[in-house]
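J.: Here's the letter readout for the chains.
Protein chains: 2
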Amino acid sequence: MRRWNGWGDEQFSLSLPDSGQDFLSDRIGPGRQLGNATLEAVCDQVPASRLPEHPAIHTDAETRVRHARGQSLEDWLAMRSGDFGPFPDGVAFPESGDMVRELLAFAKDEDLHIIPYGGGTSVAGHINPVDHGRPVLTIDMGRMNRLLDLDEDSQIATFGAGTPGPLVESQLKPLGYTLGHFPQSFELSTLGGWVASRSSGQQSLRYGRIEQLFAGGTVESPEGTLTLPTIPASSAGPDVREMVLGSEGHLGLITEVKVRVTPIAEREQFHVLFFPDWEQARTAARRLVQQKIQLSMLRLSNATETETQLALAGHPKQIGLLETFLGWRGVADGKCMMTLGLTGSKAQYSAALKQLKALTKSYGGVYTGTYLGNKWAEKRFTMPYLREALWDEGYAVDTLETATDWNNVDHLMHTIESTLRDGLADEGKRVHVFTHLSHVYSQGCSIYTTYVFANGDDHDTTRRQWQRLKQSASEQIVHNGGTISHQHGVGKDHAPYLPVEKGALGMALIRGLGRTLDPDQRLSPDTLYAWNDKESS
Amino acid sequence: MRRWNGWGDEQFSLSLPDSGQDFLSDRIGPGRQLGNATLEAVCDQVPASRLPEHPAIHTDAETRVRHARGQSLEDWLAMRSGDFGPFPDGVAFPESGDMVRELLAFAKDEDLHIIPYGGGTSVAGHINPVDHGRPVLTIDMGRMNRLLDLDEDSQIATFGAGTPGPLVESQLKPLGYTLGHFPQSFELSTLGGWVASRSSGQQSLRYGRIEQLFAGGTVESPEGTLTLPTIPASSAGPDVREMVLGSEGHLGLITEVKVRVTPIAEREQFHVLFFPDWEQARTAARRLVQQKIQLSMLRLSNATETETQLALAGHPKQIGLLETFLGWRGVADGKCMMTLGLTGSKAQYSAALKQLKALTKSYGGVYTGTYLGNKWAEKRFTMPYLREALWDEGYAVDTLETATDWNNVDHLMHTIESTLRDGLADEGKRVHVFTHLSHVYSQGCSIYTTYVFANGDDHDTTRRQWQRLKQSASEQIVHNGGTISHQHGVGKDHAPYLPVEKGALGMALIRGLGRTLDPDQRLSPDTLYAWNDKESS
Numbered sequence: 003m004r005r006w007n008g009w010g011d012e013q014f015s016l017s018l019p020d021s022g023q024d025f026l027s028d029r030i031g032p033g034r035q036l037g038n039a040t041l042e043a044v045c046d047q048v049p050a051s052r053l054p055e056h057p058a059i060h061t062d063a064e065t066r067v068r069h070a071r072g073q074s075l076e077d078w079l080a081m082r083s084g085d086f087g088p089f090p091d092g093v094a095f096p097e098s099g100d101m102v103r104e105l106l107a108f109a110k111d112e113d114l115h116i117i118p119y120g121g122g123t124s125v126a127g128h129i130n131p132v133d134h135g136r137p138v139l140t141i142d143m144g145r146m147n148r149l150l151d152l153d154e155d156s157q158i159a160t161f162g163a164g165t166p167g168p169l170v171e172s173q174l175k176p177l178g179y180t181l182g183h184f185p186q187s188f189e190l191s192t193l194g195g196w197v198a199s200r201s202s203g204q205q206s207l208r209y210g211r212i213e214q215l216f217a218g219g220t221v222e223s224p225e226g227t228l229t230l231p232t233i234p235a236s237s238a239g240p241d242v243r244e245m246v247l248g249s250e251g252h253l254g255l256i257t258e259v260k261v262r263v264t265p266i267a268e269r270e271q272f273h274v275l276f277f278p279d280w281e282q283a284r285t286a287a288r289r290l291v292q293q294k295i296q297l298s299m300l301r302l303s304n305a306t307e308t309e310t311q312l313a314l315a316g317h318p319k320q321i322g323l324l325e326t327f328l329g330w331r332g333v334a335d336g337k338c339m340m341t342l343g344l345t346g347s348k349a350q351y352s353a354a355l356k357q358l359k360a361l362t363k364s365y366g367g368v369y370t371g372t373y374l375g376n377k378w379a380e381k382r383f384t385m386p387y388l389r390e391a392l393w394d395e396g397y398a399v400d401t402l403e404t405a406t407d408w409n410n411v412d413h414l415m416h417t418i419e420s421t422l423r424d425g426l427a428d429e430g431k432r433v434h435v436f437t438h439l440s441h442v443y444s445q446g447c448s449i450y451t452t453y454v455f456a457n458g459d460d461h462d463t464t465r466r467q468w469q470r471l472k473q474s475a476s477e478q479i480v481h482n483g484g485t486i487s488h489q490h491g492v493g494k495d496h497a498p499y500l501p502v503e504k505g506a507l508g509m510a511l512i513r514g515l516g517r518t519l520d521p522d523q524r525l526s527p528d529t530l531y532a533w534n535d536k537e538s539s
Numbered sequence: 003m004r005r006w007n008g009w010g011d012e013q014f015s016l017s018l019p020d021s022g023q024d025f026l027s028d029r030i031g032p033g034r035q036l037g038n039a040t041l042e043a044v045c046d047q048v049p050a051s052r053l054p055e056h057p058a059i060h061t062d063a064e065t066r067v068r069h070a071r072g073q074s075l076e077d078w079l080a081m082r083s084g085d086f087g088p089f090p091d092g093v094a095f096p097e098s099g100d101m102v103r104e105l106l107a108f109a110k111d112e113d114l115h116i117i118p119y120g121g122g123t124s125v126a127g128h129i130n131p132v133d134h135g136r137p138v139l140t141i142d143m144g145r146m147n148r149l150l151d152l153d154e155d156s157q158i159a160t161f162g163a164g165t166p167g168p169l170v171e172s173q174l175k176p177l178g179y180t181l182g183h184f185p186q187s188f189e190l191s192t193l194g195g196w197v198a199s200r201s202s203g204q205q206s207l208r209y210g211r212i213e214q215l216f217a218g219g220t221v222e223s224p225e226g227t228l229t230l231p232t233i234p235a236s237s238a239g240p241d242v243r244e245m246v247l248g249s250e251g252h253l254g255l256i257t258e259v260k261v262r263v264t265p266i267a268e269r270e271q272f273h274v275l276f277f278p279d280w281e282q283a284r285t286a287a288r289r290l291v292q293q294k295i296q297l298s299m300l301r302l303s304n305a306t307e308t309e310t311q312l313a314l315a316g317h318p319k320q321i322g323l324l325e326t327f328l329g330w331r332g333v334a335d336g337k338c339m340m341t342l343g344l345t346g347s348k349a350q351y352s353a354a355l356k357q358l359k360a361l362t363k364s365y366g367g368v369y370t371g372t373y374l375g376n377k378w379a380e381k382r383f384t385m386p387y388l389r390e391a392l393w394d395e396g397y398a399v400d401t402l403e404t405a406t407d408w409n410n411v412d413h414l415m416h417t418i419e420s421t422l423r424d425g426l427a428d429e430g431k432r433v434h435v436f437t438h439l440s441h442v443y444s445q446g447c448s449i450y451t452t453y454v455f456a457n458g459d460d461h462d463t464t465r466r467q468w469q470r471l472k473q474s475a476s477e478q479i480v481h482n483g484g485t486i487s488h489q490h491g492v493g494k495d496h497a498p499y500l501p502v503e504k505g506a507l508g509m510a511l512i513r514g515l516g517r518t519l520d521p522d523q524r525l526s527p528d529t530l531y532a533w534n535d536k537e538s539s
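Sequence order for the protein chains is D and L. According to the working numbering, the first sequence is numbered sequentially starting from 3. According to the working numbering, the second sequence is numbered sequentially starting from 3.
No lab work stands behind these hints: they were computed from the structure. Note that the structure is predicted; figures quoted are calculated from it, not measured. Take the hints with a grain of salt, since some may be wrong.
Treat identical chains as interchangeable: a pair holds within one or across any two.
[Stated by the list, open to error] Pairs of lysine-lysine residues, derived as BS3-like cross-links and limited to a Cα-Cα distance of at most 30 Å, are as follows: (1) 356 - 377; (2) 175 - 363; (3) 359 - 381; (4) 359 - 294; (5) 381 - 294; (6) 294 - 377; (7) 377 - 363; (8) 294 - 356; (9) 348 - 359; (10) 319 - 348; (11) 348 - 363; (12) 363 - 381; (13) 377 - 359; (14) 175 - 348; (15) 319 - 381; (16) 175 - 294; (17) 294 - 363; (18) 381 - 356.
Could you build all of it, start to finish, from the sequences and the hints given here?
T.: Shown next as structure tokens:
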């Protein structure tokens with residue numbers, strides 16, 4: 003069963019190895035364990051629903067609790083403290099486009115707010131209800147989770163928009179295909195959510211971002227049905243698909259998604275190299291993508307992330323051997339780990355491996371084979387469980403991500419890291435900060451920063467400390483040439499920073515889209531742009 | 003000097019070889035030569051300008067004639083007959099964003115219509131003035147044609163939006179870079195025009211369409227300046243870049259364009275193969291792109307295009323030898339020619355050549371080396387001159403293009419071809435029709451159809467016959483799963499068909515963008531959507 007107050011399946015958990023605990027304690031001091039509210043206690047707080055009865059809408063407390071919060075650190079602290087904030091007044095689980103249209107009509111008649119809900123994995127507050135007076139109906143798309151059609155000539159698969167990652171892949175695999183979209187939230191997040199929030203998967207170098215995978219589909223809006231035909235490319239005016247991508251619920255509920263799929267590749271392995279320093283490693287990463295070497299993934303950890311990962315991995319003996327081996331080759335303190343995915347036909351795989359070895363060698367890269375890389379791939383969806391392991395030791399962990407052009411990567415990474423590292427110094431607190439680059443493009447890359455700090459005296463103090471860190475880092479990002487999000491979306495948490503990036507006219511264009519299909523402003527309140535700003539343009 | 007009544011440079015012309023004339027005469031009967039109006043006679047018709055004087059605006063007759071028509075067949079017939087229709091009231095040639103802003107303010111004060119003008123190469127009526135009462139000011143961006151900045155780390159070049167193809171490449175080449183965007187109109191069309199109309203270049207397989215190349219820039223709108231920052235990828239809401247792409251002037255004048263450039267490749271050659279029949283050739287094309295073999299271009303002529311190209315090439319002796327050679331290998335009547343571009347590092351080039359030879363062999367492909375392909379590449383920008391060569395022999399030529407998914411390619415191609423071939427049968431006229439596929443994607447490809455017919459008794463009869471063909475084929479395209487344009491844009495000629503493709507809600511979203519930045523509906527009247535429709539949504 004899915005955890006009601008955290009990530010993933012209740013049956014699964016990670017624990018921190020001793021070496022990891024020592025490492026953190028050394029860096030940022032001991033953790034502070036805080037309590038966890040019970041589901042029963044939270045359910046007891048849920049107020050009566052303001053919704054009139056409807057046969058398809060569930061208004062029981064537990065269903066409403068389970069749809070009230072996403073997966074940001076602020077959500078986590080709300081769930082663990084029991085101080086939830088607003089709950090949706092009810093949750094519907096439609097099984098067809100017809101039912102979605104009926105729910106939209108009901109929402110209009112009863113003057114409701116609507117929150118579209120995919121996997122509930124937002125880390126930016128997308129699915130959290132806000133109280134603006136209207137009752138809130140959350141529409142959970144999770145029952146529309148089937149592969150409906152596969153066109154093998156055109157390599158297009160049609161899915162219900164509520165299909166989560168594992169059900170996408172398990173329905174395609176027996177037919178010999180993959181979508182290849184593997185965000186960190188893969189276990190729970192859905193196709194419709196990926197489209198609505200412009201998601202990117204770990205192997206975007208081969209398969210593309212969701213923008214490249216999303217070929218068309220259906221959106222049920224308050225003004226009617228928007229159908230996006232599949233066309234491989236077009237110059238027939240602005241692309242309406244691109245208006246749906248990143249719309250975060252403002253245009254309607256995505257009910258059907260057509261995606262570009264790929265036959266499962268003959269060969270796939272993940273390789274690891276170490277570089278002697280950041281400068282050489284970052285240049286090698288840039289050159290690999292700019293040379294168009296056929297990789298499916300590139301992830302480059304900076305020196306602190308490399309050190310942290312090796313410490314948290316456990317297995318100190320094997321790590322010691324690895325470090326001795328690297329030392330012989332001049333790769334020691336300050337080393338940076340690069341993980342590369344290679345996916346393709348046998349011929350493409352071999353050609354790319356040869357090309358990448360030649361290129362990385364000239365930047366001091368030491369190739370260590372596929373053992374560490376394949377281990378990473380095996381465990382790549384378990385990372386979100388780490389928050390619970392750290393919480394149990396008394397630490398809070400969060401991530402921030404952006405993207406910028408190559409000529410700005412170092413500046414922006416250092417600015418973000420130092421802002422976080424020093425962000426609680428006036429409260430006498432240290433913050434452990436580390437970063438990797440991933441999702442590399444010829445123009446630039448994403449910057450993904452993780453930060454860990456010991457919990458405060460109570461949940462609310464911890465939340466306030468998190469808010470200070472998040473706010474100061476977010477301001478640095480948008481004022482230093484970064485996007486407020488490369489893959490997590492805007493939601494409510496990033497909305498205050500969006501106008502810096504888009505400008506007043508850009509925001510007016512974006513708001514105009516919502517006004518056209520949702521003239522009553524019924525959908526996704528305060529997501530993407532704040533309610534109070536809506537009238538101002 | 004640029005031709006005032008047709009394509010390209012006055013110093014350059016093509017002529018049809020005897021074998022080509024015989025071929026056409028055999029297929030569609032003899033041509034009929036029609037007269038050509040003189041520039042002097044056309045200038046004499048130009049009415050007085052309705053514009054108040056402005057130091058930056060030219061109102062002389064010749065400048066207005068030279069900005070009144072694009073390059074569609076209807077434009078050609080207008081220019082050759084002298085029956086031009088509306089002229090712009092004046093033409094401005096701004097040299098900076100400041101001047102553009104000043105012109106926008108002037109247009110507001112004087113209640114003008116504005117037509118943004120790049121290279122004037124539209125084949126869909128984008129830049130043709132229409133008379134809705136307001137005086138028309140055409141803004142020719144041609145003087146903003148400089149490379150302003152090159153960021154070599156991020157591989158981003160900043161250009162004035164009026165930079166035409168040759169000046170893009172000639173300013174990048176000494177620095178070791180290429181944009182790699184080569185539409186058929188390359189000699190005259192401009193960066194801003196490519197962005198505004200979502201253009202695609204012949205080597206889009208390597209470099210991408212303009213959507214992939216356009217990284218950001220500046221648009222001067224009636225509501226102010228819209229700045230698009232360069233960010234490699236983002237999930238921060240809908241992408242405003244994508245609203246500018248294909249906006250066809252409705253959001254403002256694009257003044258500065260930042261594009262993703264690529265170091266000039268070590269190696270590039272164009273290879274030609276012949277296939278025994280269409281079915282095998284089309285399957286090979288699909289498989290080549292779906293297998294992600296690193297090609298820079300793929301163009302596949304159907305049997306009639308192959309035959310026509312070989313007939314029009316002249317050199318019957320060499321063609322005879324080629325056909326003998328192909329015959330020995332079982333490739334004879336019904337053969338289809340495929341041209342493949344290979345571009346990359348030496349290692350990538352060799353790997354791709356090996357992979358493509360292996361794949362095409364299993365579909366009966368016969369590899370004939372690089373001679374024909376490199377000839378094609380050398381002459382690829384001279385094709386538009388062929389209209390004049392055919393006109394001189396009494397024939398009218400036009401092209402139609404669309405794109406569709408692979409599972410619909412044959413159906414749509416045959417529908418378009420038969421519609422055109424039989425389109426004038428009731429007037430006792432034959433139409434010669436042939437097609438190639440290009441711009442291949444894993445999902446589908448573009449379909450590019452050329453049609454030739456003998457001129458009618460006079461210019462106006464010819465125009466009416468063209469209109470019948472264009473209209474019936476366009477209807478077939480949008481009602482059979484094609485886009486109304488893969489690379490030419492919408493303009494005025496395709497506007498009536500756009501709502502079939504986009505749907506009522508899609509059109510409402512697109513019109514909403516224009517309403518946001520151009521509330522007085524001053525820009526690009528009747529382009530993208532018809533004036534009369536504007537108020538209706």
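J.: Compare the structure with each hint and give your call.
T.: Here's how the hints hold up against the structure:
no., hint, verdict
1, 356 - 377, "within (22 Å within a copy, 33 Å between copies)"
2, 175 - 363, "between (36 Å within a copy, 29 Å between copies)"
3, 359 - 381, "within (25 Å within a copy, 39 Å between copies)"
4, 359 - 294, "both (14 Å within a copy, 21 Å between copies)"
5, 381 - 294, "both (28 Å within a copy, 28 Å between copies)"
6, 294 - 377, "both (26 Å within a copy, 27 Å between copies)"
7, 377 - 363, "within (23 Å within a copy, 39 Å between copies)"
8, 294 - 356, "both (13 Å within a copy, 18 Å between copies)"
9, 348 - 359, "both (17 Å within a copy, 16 Å between copies)"
10, 319 - 348, "neither (35 Å within a copy, 43 Å between copies)"
11, 348 - 363, "both (23 Å within a copy, 18 Å between copies)"
12, 363 - 381, "within (28 Å within a copy, 41 Å between copies)"
13, 377 - 359, "within (20 Å within a copy, 36 Å between copies)"
14, 175 - 348, "within (20 Å within a copy, 36 Å between copies)"
15, 319 - 381, "within (20 Å within a copy, 65 Å between copies)"
16, 175 - 294, "both (28 Å within a copy, 20 Å between copies)"
17, 294 - 363, "both (17 Å within a copy, 26 Å between copies)"
18, 381 - 356, "within (27 Å within a copy, 36 Å between copies)"
Taken one by one, the earlier hints fail for this structure only at number 10.
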